[in-house]
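K.L.:
Take a look at the letters that make up each chain.
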Amino acid sequence: MTNSEKLLQQLIEKQNAGELKAKDRYAIPCQDMPAQNGGQRRGNMKEVALGYTKIQARLEAMRCLQCKNAPCVEGCPVRIRIRDFVVAIAEGKDEEALAIVKENSLLPAVCGRVSPQEVQCQERCTVGKKFKDPEKSVSIGRLERYVADLAKSDSDIPKVASPTGKKVAIIGSGPGGIVVAADIRRAGHEVTVFEAFHKPGGVLVYGIPEFRLPKSIVQEEIDVLKKMGVEIVCNFIVGRTRTVKELMEEDGYDAVYIGVGAGLPKFMNIEGEHLVGVYSANEYLTRANLMKAYEFGRGADTPIAVSKNVAVLGGGNVAMDSARMAVRLGAENVYLVYRRSEKEMPARIEEVHHAKEEGVQFCTLQNPKRILGNEQGNVTGMECLRYELGELDDSGRRRPVAIDGSEFVMDVDTVIVAIGNGANPLIEQTTPDLEFNKWGNIVVDENCKTSVDAVYAGGDIVLGSATVILAMGQGRMAAAAMNRYLAE
Amino acid sequence: MPFKILSNQKLSENVFQMDVEAPLVARSRKAGQFVIISVDEDTGERIPLTISGVNPEKGSIRLIYQRVGKATAQMAQLGEGDALGYIVGPLGKPTHIEKFGTVVCVGGGIGAAPLLPIAMALKEAGNTIISILGARNQELLILEDDFRAVSDELIVLTDDGSYGRKGLVTEPLKEVCSRDPKPDFAIAIGPAIMMKFCCETTKEFSVPTQVSLNTIMVDGTGMCGGCRVEIGGETKFVCVDGPEFDGHKVNFDLMMKRMGAYKVLEQKAFDNFNNHKCKIGLNQ
Ligand SMILES: Cc1cc2nc3c(=O)[nH]c(=O)nc-3n(C[C@H](O)[C@H](O)[C@H](O)COP(=O)(O)OP(=O)(O)OC[C@H]3O[C@@H](n4cnc5c(N)ncnc54)[C@H](O)[C@@H]3O)c2cc1C
Ligand SMILES: Cc1cc2nc3c(=O)[nH]c(=O)nc-3n(C[C@H](O)[C@H](O)[C@H](O)COP(=O)(O)OP(=O)(O)OC[C@H]3O[C@@H](n4cnc5c(N)ncnc54)[C@H](O)[C@@H]3O)c2cc1C
Ligand code: SF4
Ligand code: FES
Numbered sequence: 001m002t003n004s005e006k007l008l009q010q011l012i013e014k015q016n017a018g019e020l021k022a023k024d025r026y027a028i029p030c031q032d033m034p035a036q037n038g039g040q041r042r043g044n045m046k047e048v049a050l051g052y053t054k055i056q057a058r059l060e061a062m063r064c065l066q067c068k069n070a071p072c073v074e075g076c077p078v079r080i081r082i083r084d085f086v087v088a089i090a091e092g093k094d095e096e097a098l099a100i101v102k103e104n105s106l107l108p109a110v111c112g113r114v115s116p117q118e119v120q121c122q123e124r125c126t127v128g129k130k131f132k133d134p135e136k137s138v139s140i141g142r143l144e145r146y147v148a149d150l151a152k153s154d155s156d157i158p159k160v161a162s163p164t165g166k167k168v169a170i171i172g173s174g175p176g177g178i179v180v181a182a183d184i185r186r187a188g189h190e191v192t193v194f195e196a197f198h199k200p201g202g203v204l205v206y207g208i209p210e211f212r213l214p215k216s217i218v219q220e221e222i223d224v225l226k227k228m229g230v231e232i233v234c235n236f237i238v239g240r241t242r243t244v245k246e247l248m249e250e251d252g253y254d255a256v257y258i259g260v261g262a263g264l265p266k267f268m269n270i271e272g273e274h275l276v277g278v279y280s281a282n283e284y285l286t287r288a289n290l291m292k293a294y295e296f297g298r299g300a301d302t303p304i305a306v307s308k309n310v311a312v313l314g315g316g317n318v319a320m321d322s323a324r325m326a327v328r329l330g331a332e333n334v335y336l337v338y339r340r341s342e343k344e345m346p347a348r349i350e351e352v353h354h355a356k357e358e359g360v361q362f363c364t365l366q367n368p369k370r371i372l373g374n375e376q377g378n379v380t381g382m383e384c385l386r387y388e389l390g391e392l393d394d395s396g397r398r399r400p401v402a403i404d405g406s407e408f409v410m411d412v413d414t415v416i417v418a419i420g421n422g423a424n425p426l427i428e429q430t431t432p433d434l435e436f437n438k439w440g441n442i443v444v445d446e447n448c449k450t451s452v453d454a455v456y457a458g459g460d461i462v463l464g465s466a467t468v469i470l471a472m473g474q475g476r477m478a479a480a481a482m483n484r485y486l487a488e
Numbered sequence: 001m002p003f004k005i006l007s008n009q010k011l012s013e014n015v016f017q018m019d020v021e022a023p024l025v026a027r028s029r030k031a032g033q034f035v036i037i038s039v040d041e042d043t044g045e046r047i048p049l050t051i052s053g054v055n056p057e058k059g060s061i062r063l064i065y066q067r068v069g070k071a072t073a074q075m076a077q078l079g080e081g082d083a084l085g086y087i088v089g090p091l092g093k094p095t096h097i098e099k100f101g102t103v104v105c106v107g108g109g110i111g112a113a114p115l116l117p118i119a120m121a122l123k124e125a126g127n128t129i130i131s132i133l134g135a136r137n138q139e140l141l142i143l144e145d146d147f148r149a150v151s152d153e154l155i156v157l158t159d160d161g162s163y164g165r166k167g168l169v170t171e172p173l174k175e176v177c178s179r180d181p182k183p184d185f186a187i188a189i190g191p192a193i194m195m196k197f198c199c200e201t202t203k204e205f206s207v208p209t210q211v212s213l214n215t216i217m218v219d220g221t222g223m224c225g226g227c228r229v230e231i232g233g234e235t236k237f238v239c240v241d242g243p244e245f246d247g248h249k250v251n252f253d254l255m256m257k258r259m260g261a262y263k264v265l266e267q268k269a270f271d272n273f274n275n276h277k278c279k280i281g282l283n284q
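Taken in sequence, the protein lines are chains A and B.
So the first sequence is numbered by my numbering: it starts at 1 and just counts up by one.
So the second sequence is numbered by my numbering: it starts at 1 and just counts up by one.
Next up, chain A with everything else stripped away, as it sits in the complex (with noise of 0.2 Å):
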């Protein structure tokens, strides 16, 4: 019997006893997700994180105070009853706790995987809290993964009301689209997904890497909609294909949710940003996941750069991934270029272990200035400058100011900017009557109503760049007034 086993037996005796006490379960180590070691994961794309044990799960479970007040559930977008599945788990009762995550969440095995727990539930946890380090949480994104990953994929097809005659188009299959798509065939009504790629998921299959959340799971959850009914229909544009306005008139849609996410990738707008080699993290990422630009003459036909050494601007996760792509597509150096300090990066903390584990070098409190070229076009190097941290800004962190006379030049050939999104304009050119804020983002009230009679919005088109869960949660909003105005 192994220590954890032995362990493990103790607990439960004293659980069932009733006598397990809050020191008990702070002495309880943090259990940490095995992971493929970095050295074999530079060289494939296979899933990093491998997921809990059953003991493991049982054990950070177990670590749970059940505290009376539950502050982990406030933290979460979608209200997940997050205190009871874990005690679930902590009495064995898997399915249970499986069941509780869903009646919130639709996507747990995605959100469990990609979700930023550390600023949402576990930023509350009073273990974290109690040892004064938010790292010490009870783990609930990995417990909501583990439970999520018990789920056969068959095993709940979720009922389908019977058929009301209404039709509802829905624009973006990312994890909004998903969502919306669910709930409003669950209430009998005819969807059908329209998706501008050749395969639906949006940003979890052409942005979030394999290695991250694989595309399986991505799948199984669209083929969850497809048997419940839900047509999807890829290579569909909307703006050209068809216009918003000809799905309604035209084509006898009643009711329409835009969820094509942000999708305009932003540039630093430095000397040298057009030479050949510069990429936007929308195109690198792209090609090497949609498109399996790492198979490329091994049956997949979309090149992208062989590079040697690579710098990634940014700190988020889009940068991380961006960083840990070029990796494991065989760069010698890659370093990631931030212009404040690493306590500022917005990315999941697990991300960035995760990026330096693979030996991805992290230059912080600094930021490039113009990329160098040659003749032919292609990058040659980078020259940065210096930072350091001075007075609050309006985020609340401490702005970066340059240091005067610090430029130097890092030797680079690809460049990759990863500084966000801004709002793809083509809807925004297309509808005429819908209403959009300064930033091209869709106005939407609080049941995510556009200006447009009976039609609705969410994901990042209108919060801007957010995250997964947020764009699930407005998903559901939408859903929920959609039926109800269709039921009208």
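For the record, the hints were derived by calculation from the structure and aren't laboratory data.
It cannot be assumed that every hint is accurate.
Stated by the list, open to error - Derived Cβ-Cβ restraints for the label pairs, each shown as a range:
1. A:103 x B:56: 45 to 53 Å
2. A:95 x B:273: 47 to 55 Å
3. A:30 x B:251: 53 to 61 Å
4. A:372 x B:78: 39 to 47 Å
5. A:454 x B:13: 49 to 57 Å
6. A:422 x B:246: 23 to 31 Å
7. B:58 x A:103: 49 to 57 Å
8. B:56 x A:123: 55 to 63 Å
9. A:440 x B:208: 28 to 36 Å
10. B:94 x A:395: 36 to 44 Å
11. B:13 x A:437: 48 to 56 Å
12. B:94 x A:394: 38 to 46 Å
13. A:231 x B:251: 43 to 51 Å
14. A:399 x B:251: 32 to 40 Å
Glycine included, C-beta positions come from ideal geometry on N, C-alpha and C.
Given the coordinates of chain A, assemble chain B with the ligands onto it according to the supplied hints.
P.N.:
Chain B with the ligands alone, transformed into the frame defined by chain A:
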């Protein structure tokens, strides 16, 4: 959706014309727009091709393409009854069609294909059309009859003099621009280098000139920025802001460099494909 191929004919040594079912695209498409296609749904490269024509009854579109690399070589091997992996579109802004007066349409090589629907639309809008078609040699010249039908005047040239006048399209373009009255508008579509020199020519005569850019693309929806070009010092995305731009503002040198980004890799893929082809000997 099936994207069934109705026909795939050889127009010249390396140029082919494919009619393929894409009813939704056929319905919404306007002159100047393009599609992105892939031969294989899962692993194929996404390549942009202009819609050269439509058949509304059959719900099909016409693509005219030059065999330059792996994807176009794979297309060339397909026949009636086969299907493309997917087609998405129509993409890009439609050409702005109005009555300018006299318009010079310059097509270089495969550029004649995207030019044809624009020339037709301009003709329909009441313009006088002077067309200049150029190709490296007679073999590569395409659509001469179609252009004859739509043009009030047609000048044909080849680089080697194997057919029509000998020379480059910029020579007759200069002559036409020197006429009195000079043309009111020019459109040039072809290899980047040709468009660059056409624009330099028309600039001298202050004839406003539109070009259609053929940068490398991925999504075609403005999401990746791979197709970015510099127009009058500003960054624009060819797939959503174009493909047509004011030729006098385009930074062609930069664009040409970007188009060479994957030359070595592409050549390797094409060579592998050709070698593979020989070995199994199925497609001789
Ligand atoms: C690389 C990367 C990493 C990320 N990592 C994380 C993370 O770790 N955790 C996290 O919570 N969030 C992460 N995010 C953010 C998260 O993915 C998004 O907030 C979320 O996907 C937004 O969902 P959405 O429903 O708005 O649609 P999206 O996922 O953006 O999908 C929109 C879909 O609509 C399609 N579309 C666009 N225009 C049209 C049109 N006109 N017609 C038809 N279809 C159209 C697009 O092709 C796309 O498939 C990451 C984002 C990226 C890019
Ligand atoms: C808006 C637009 C309209 C176009 N219309 C036509 C058309 O009507 N007929 C036609 O023959 N060609 C057209 N092209 C060019 C066509 O897309 C490329 O020739 C094609 O992608 C080559 O693919 P390949 O795999 O056969 O060759 P590759 O081996 O990939 O490349 C060979 C050559 O084609 C260029 N190229 C490669 N990939 C692309 C790409 N994604 N986009 C553009 N160029 C690329 C490269 O610079 C290279 O020189 C158009 C391009 C654009 C952007
Ligand atoms: S805050 Fe932490 S300890 Fe308290 S109920 Fe939630 S997960 Fe358990
Ligand atoms: S092709 Fe991706 S933005 Fe134009």
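K.L.:
Please go over all the hints and tell whether each is borne out by the structure.
P.N.:
Taking the hints in turn, this is what the structure says about them:
no.: 1; hint: A:103 x B:56: 45 to 53 Å; in the structure: 50 Å, holds
no.: 2; hint: A:95 x B:273: 47 to 55 Å; in the structure: 51 Å, holds
no.: 3; hint: A:30 x B:251: 53 to 61 Å; in the structure: 55 Å, holds
no.: 4; hint: A:372 x B:78: 39 to 47 Å; in the structure: 44 Å, holds
no.: 5; hint: A:454 x B:13: 49 to 57 Å; in the structure: 54 Å, holds
no.: 6; hint: A:422 x B:246: 23 to 31 Å; in the structure: 24 Å, holds
no.: 7; hint: B:58 x A:103: 49 to 57 Å; in the structure: 51 Å, holds
no.: 8; hint: B:56 x A:123: 55 to 63 Å; in the structure: 58 Å, holds
no.: 9; hint: A:440 x B:208: 28 to 36 Å; in the structure: 30 Å, holds
no.: 10; hint: B:94 x A:395: 36 to 44 Å; in the structure: 42 Å, holds
no.: 11; hint: B:13 x A:437: 48 to 56 Å; in the structure: 54 Å, holds
no.: 12; hint: B:94 x A:394: 38 to 46 Å; in the structure: 42 Å, holds
no.: 13; hint: A:231 x B:251: 43 to 51 Å; in the structure: 44 Å, holds
no.: 14; hint: A:399 x B:251: 32 to 40 Å; in the structure: 34 Å, holds
In this structure, none of the earlier numbered hints is contradicted; all agree with it.
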